[in-house]
Amino acid sequence: MAALLEVSNLEAWYGESQALHGVDLKVGEGEMITILGRNGVGKTTTLRAIMGLIRSRKGEIRLAGKDMLPVPLHKTAKHGLGFVPEERGIFATLTVEENLKLPPVVAEGGMSLDEIYELFPNLLERRSSPGTKLSGGEQQMLAMARILRTGIKVLLLDEPTEGLAPVIVQRIGDVLQKLKARGMTVVLVEQNFRFAAKISDRFYLMDHGQMVADFPVGDLPNRMGELNKVLGV
Amino acid sequence: MTMIFGIPIQALLGQLLVGLINGSFYAMLSLGLAVIFGLLRVINFAHGAQYMLGAFVAFLGMQHFGMNFWAALIVTPLVVAIFGAIIERLLLSRLYDLDPLYGLLFTFGLALTVEGTFRYFYGAAGQPYSVPAALSGGTNLGFMFLPNYRAFVVIVSLAGCLATWALIEKTRLGSYLRAATENPSLVQAFGINVPLLLTLTYALGAGLAGFTGVLAAPIYQVSPLMGTNLIIVVFAVVVVGGMGSIMGAIITGYLLGITEGLTKVFYPEASSIVIFVIMAIVLLIRPAGLFGKDA
Numbered sequence: 016m017a018a019l020l021e022v023s024n025l026e027a028w029y030g031e032s033q034a035l036h037g038v039d040l041k042v043g044e045g046e047m048i049t050i051l052g053r054n055g056v057g058k059t060t061t062l063r064a065i066m067g068l069i070r071s072r073k074g075e076i077r078l079a080g081k082d083m084l085p086v087p088l089h090k091t092a093k094h095g096l097g098f099v100p101e102e103r104g105i106f107a108t109l110t111v112e113e114n115l116k117l118p119p120v121v122a123e124g125g126m127s128l129d130e131i132y133e134l135f136p137n138l139l140e141r142r143s144s145p146g147t148k149l150s151g152g153e154q155q156m157l158a159m160a161r162i163l164r165t166g167i168k169v170l171l172l173d174e175p176t177e178g179l180a181p182v183i184v185q186r187i188g189d190v191l192q193k194l195k196a197r198g199m200t201v202v203l204v205e206q207n208f209r210f211a212a213k214i215s216d217r218f219y220l221m222d223h224g225q226m227v228a229d230f231p232v233g234d235l236p237n238r239m240g241e242l243n244k245v246l247g248v
Numbered sequence: 618m619t620m621i622f623g624i625p626i627q628a629l630l631g632q633l634l635v636g637l638i639n640g641s642f643y644a645m646l647s648l649g650l651a652v653i654f655g656l657l658r659v660i661n662f663a664h665g666a667q668y669m670l671g672a673f674v675a676f677l678g679m680q681h682f683g684m685n686f687w688a689a690l691i692v693t694p695l696v697v698a699i700f701g702a703i704i705e706r707l708l709l710s711r712l713y714d715l716d717p718l719y720g721l722l723f724t725f726g727l728a729l730t731v732e733g734t735f736r737y738f739y740g741a742a743g744q745p746y747s748v749p750a751a752l753s754g755g756t757n758l759g760f761m762f763l764p765n766y767r768a769f770v771v772i773v774s775l776a777g778c779l780a781t782w783a784l785i786e787k788t789r790l791g792s793y794l795r796a797a798t799e800n801p802s803l804v805q806a807f808g809i810n811v812p813l814l815l816t817l818t819y820a821l822g823a824g825l826a827g828f829t830g831v832l833a834a835p836i837y838q839v840s841p842l843m844g845t846n847l848i849i850v851v852f853a854v855v856v857v858g859g860m861g862s863i864m865g866a867i868i869t870g871y872l873l874g875i876t877e878g879l880t881k882v883f884y885p886e887a888s889s890i891v892i893f894v895i896m897a898i899v900l901l902i903r904p905a906g907l908f909g910k911d912a
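Chains as they are written, first to last, in my numbering: chain U, 16 to 248; chain X, 618 to 912.
Worth flagging that the hints you see were computed from the coordinates, not collected in a lab.
Among the clues, some could well be false.
As the list claims (entries may be wrong) - A few chain X residues facing chain U, derived, Cβ under 10 Å:
{"#": "1", "residue": "Arg736"}
{"#": "2", "residue": "Tyr793"}
{"#": "3", "residue": "Arg795"}
{"#": "4", "residue": "Glu799"}
{"#": "5", "residue": "Asn800"}
{"#": "6", "residue": "Ser802"}
{"#": "7", "residue": "Ile809"}
A virtual CB, placed ideally from N, CA and C, is assigned to each residue, including glycine.
Please take these sequences and the hints and turn them into a complete structure.
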């Protein structure tokens with residue numbers, strides 16, 4: 016499969032300290048991959064560096080063949096890349112609907128507002144409330160929903176299940192399945208690999224700012240020893 | 618003569634009107650400061666100079682091009698906004714990554730430069746700018762004489778404040794602006810051109826100051842120092858209202874203007890410091906300001 020998103024030898028820095036030491040990553044169109052790893056190994060940094068939120072970066076990031084390194088941050092979304100941060104980034108001074116409508120539509124094929132409200136009925140009910148008055152789970156739904164409107168092709172999703180009740184985690188899993196069915200390409204960062212195993216095609220295992228393993232979901236049972244060692248569980 | 622609390626009612630209403638006029642200017646100027654500070658995190662010390670620039674553009678436009686007051690009301694804010702946009706793009710935008718103190722120092726220097734330049738050419742004395750013919754004279758309300766132009770200023774600034782508030786709170790552009798105030802890099806990652814938004818915001822703030830300057834020209838004289846005198850009070854208003862709160866800046870502007878006017882009636886000696894006394898008390902009790910959110 017030709018890779019839609021191809022990252023090679025990506026390095027990134029926070030000030031003087033290097034956080035990524037040559038990350039290699041390939042994601043095919045419509046594929047959903049999950050990056051596993053302990054806290055602080057550079058999972059979030061990988062997503063932020065791909066998105067361009069971290070500007071001190073080196074290496075290669077290609078989206079559908081296009082070199083993304085020189086693209087300014089506000090033009091990155093136009094090339095089809097979307098990011099949902101771990102803290103969700105819901106705006107307190109905007110209503111739920113204003114939050115939803117905030118990211119400009121960059122391409123056709125995104126969900127309409129009606130489709131979104133059908134998928135997330137809670138958001139319809141609360142559309143005039145301030146965004147941060149929603150529960151944690153609803154905020155996560157809102158954070159994902161607003162990216163789905165834009166028609167991006169590759170979603171970078173950082174720990175969507177963190178701190179959420181099992182029933183909400185289940186719901187987020189359903190939403191991700193639907194996205195996959197629509198052909199969305201997803202790069203997921205997740206601590207909960209049992210959750211990730213249900214929806215991902217492939218796993219990347221990360222340690223010390225590098226990918227140390229890469230295997231399809233079917234290999235998970237054989238890899239448990241290695242996983243436990245690297246994840247320290 | 619009718620008296621209230623031993624004060625002639627004419628004097629009371631007269632000062633109330635003066636307070637309302639001053640309050641209008643405070644509200645318009647502190648609104649611009651709050652908008653700029655909210656998004657750019659820059660304390661715009663050049664705000665007084667931009668207000669003065671507005672008055673001068675109107676004055677010079679009339680002198681050299683026969684631009685009347687009504688044209689000035691539209692042209693001047695645009696001229697001052699373009700001036701603001703150029704300043705932001707060429708100079709101020711280079712300071713965003715540095716300590717906020719640099720933005721403050723830069724705009725302070727800019728204010729001194731602009732005011733110094735005008736002082737060099739026009740001296741410190743005020744130039745007269747007459748009230749437009751359609752608004753000259755006044756209306757006798759029976760209990761007091763209301764100059765038409767002053768009534769016009771109060772109504773127009775109220776409309777200007779509400780329009781700005783609606784632009785920020787009720788429009789799509791405003792939602793970009795509010796979101797960028799909270800988390801600029803995420804908004805930029807969504808594909809919104811935040812640097813352009815910053816330029817537009819600074820231009821909007823400067824344009825509001827210019828608009829206020831035109832309104833003020835027929836009331837105060839057009840002088841290079843007119844901004845310096847006013848801006849210190851306006852900073853106090855912003856501190857009382859709470860940095861970054863749009864409605865807070867508007868309401869506080871009017872309230873403090875009226876308070877100042879009433880102080881002139883009841884205890885004139887304190888009228889020039891009453892706003893600063895209120896500022897000190899508010900800072901002690903609610904450091905984030907009356908309408909500010911505790912950060």
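**Request:** Go through the numbered hints given earlier and state which of them the structure violates, listing their numbers in rising order.
**Result:** Violated: hint 1 alone.
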